[in-house]
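Could you put together the complete structure from these sequences and hints?
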Amino acid sequence: MGDMNFSLTTFNKSGKLLQIEYALNRVQQGKMALGIKARNGVVIASDKKVNSVLVDLDDYQKIQNITPSTGFVYAGMGPDFRVQVRNARKEAQKYYLTYREVQPVSQIVKESALLMQEYTQSGGVRAFGVSLLVAGYDDDGPQLYQVDPSGAAFGWKATAIGKNYVNAKNFLERRYSDDVELDDAVHIALLTLRESYEGEMNEHNIEVGIVGEDRIFRVLTPAEVKDYLEEAN
Amino acid sequence: MSILQYNGGAVIAMKGLNCVGICSDLRLGLQQQTVAMNFKKVFQITDKLYVGLTGLATDVLSLEHLLNFRCKLYKLKENREISPKAFGAMLSSLLYEKRFGPWFSEPVVCGLDANNNAFLSGMDLIGAPVFSDDFTVAGTCTQNLHGMCEALYRPNMDPEELFEVLSQCLLSAVDRDALSGWGAVVHIITPEGTITRTLKCRQD
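The listed protein sequences derive, respectively, from chains A and B.
First residue of the first sequence? That's 1 in this note's numbering, and the numbers climb one at a time after it.
First residue of the second sequence? That's 1001 in this note's numbering, and the numbers climb one at a time after it.
There's no promise every hint is true.
[Claimed, not checked] Label-pair distances were calculated between CB atoms; the ranges are: (1) N1018(B) x F154(A): 39 to 49 Å; (2) L115(A) x S1062(B): 45 to 55 Å; (3) S122(A) x E1160(B): 53 to 63 Å; (4) E1160(B) x K90(A): 42 to 52 Å; (5) Q61(A) x E1097(B): 27 to 37 Å.
[What the hints assert, rightly or not] The calculated DMTMM-like cross-link candidates involving lysine to aspartate or glutamate, where the alpha carbons are at most 20 Å apart (straight line), are: (6) K1040(B) x E1078(B); (7) K1075(B) x E91(A); (8) K94(A) x E1097(B); (9) K1077(B) x E230(A); (10) K110(A) x E1081(B); (11) K1075(B) x D139(A); (12) K1077(B) x E118(A).
Don't read these hints as lab results, they were simulated from the structure.
Every residue gets a Cβ at the ideal spot worked out from N, C-alpha and C, and that includes glycine.
Dropping the structure here:
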């Protein structure tokens, strides 16, 4: 009896995997995250509002590095995001151990998508309650991807996930152009974030990560975010 | 007799100006008895990447199959050919995986990367790599090979000169080794393509 292990994600009559739909619902309830691919880099940003002044913000970081050149952000459940990040980092190190090269962005995405899919078919587990936005720069240039709880992965020029993502994507559609520079993309990202932001948006309750032609992905300091915000005013 | 000398064999890889060359002998023996004179030890991985494998013949073949398998999978996953540097790292990793029951083969990696820069690397049977600017040798007569290369090598040779020097180094070295020889194959890899020539030599 101890080795009974069947999948909890099963098809209904109309061919849907409801567990994945429900996971996507959970993602849509999560705080917004968005990303924009520029000509010379990628920016990702996220709403980092906390519900009490007592929360120690120093400790709390939503945007995470996977390799020196690639970063993740999410919409949905933080704890599930941590599992994804851990797995992606380990896979990237395994890649480096074998090939002595930084894992390309598209390969990182494939591994993450694989993990998401496994959890929709393996026994005894539930789907991840996060969608990921992956931003990176490699030999194929700047790239932005989304990975869903189903395991589907898409490349984007610009996108948003989480609460109010439809309005945000419409906003991005109007403002995006293929040759936008990274600085301008950060600008647009902040404007988009502000559109759906409840209350006052400042450098402490959002998070921004960028990667440029230097191929170094990093999270901007609050001071840097503040400068961009001031320009946006 | 050491297991790495059971079948015999020799490989050299050498760098030239915008080109690299790699060559091997063709002998396959069972200790002193020669069994084949057409046993190639240099294999093509991509257009501009070749690997030479010396040592126990069964492991030479197994490794060749394994490496082709890994590189084909790499190409399907990553949608690009593997670079010589990454290939060398992968081979090193493969060999070290068998640290306590190793592949009895000492490889030589030779190729041009995407920018047509030369890459040369040699490894011991458990994957310790050495990266060279001039030449790399492996096999049952490495002392002879080293001596010949040291004497005849000069930097920035063009493909024709590289062919001559590579051939002379290998031929003279294996002529003084009972376990290597019986013919040779030389590949000269340039950005435009690879030229392969088979050499006849002392058949003893």
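Now the hints, each set against the structure:
1. Checked against the given bound of 39 to 49 Å, the beta carbons of N1018(B) and F154(A), roughly 42 Å apart, stay inside it.
2. Against the hinted window of 45 to 55 Å, the Cβ-Cβ separation of L115(A) and S1062(B) comes to about 32 Å, which falls outside the hint.
3. Between S122(A) and E1160(B), the C-beta spacing of about 60 Å keeps the proposed range 53 to 63 Å intact.
4. Checked against the hint of 42 to 52 Å, the C-beta distance between E1160(B) and K90(A) comes to roughly 50 Å, which is consistent with it.
5. Checked against the hint of 27 to 37 Å, the C-beta distance between Q61(A) and E1097(B) comes to roughly 36 Å, which is consistent with it.
6. Of the supplied pair hints, the one linking K1040(B) and E1078(B) is violated, its CA atoms being roughly 30 Å apart against a limit of 20 Å.
7. Under the criterion of a C-alpha separation no larger than 20 Å, the hint pairing K1075(B) with E91(A) is consistent with the structure, at around 18 Å.
8. Between K94(A) and E1097(B) the alpha-carbon distance is near 13 Å, which keeps this suggested pair within the 20 Å criterion.
9. Note on K1077(B) and E230(A): the hinted pairing is violated, with a Cα-Cα distance of about 44 Å set against a maximum of 20 Å.
10. With a CA separation close to 18 Å, the supplied pair K110(A) and E1081(B) stays within the 20 Å bound.
11. Under the criterion of a C-alpha separation no larger than 20 Å, the hint pairing K1075(B) with D139(A) is consistent with the structure, at around 15 Å.
12. This hinted pair checks out: K1077(B) and E118(A) have alpha carbons roughly 18 Å apart, not beyond 20 Å.
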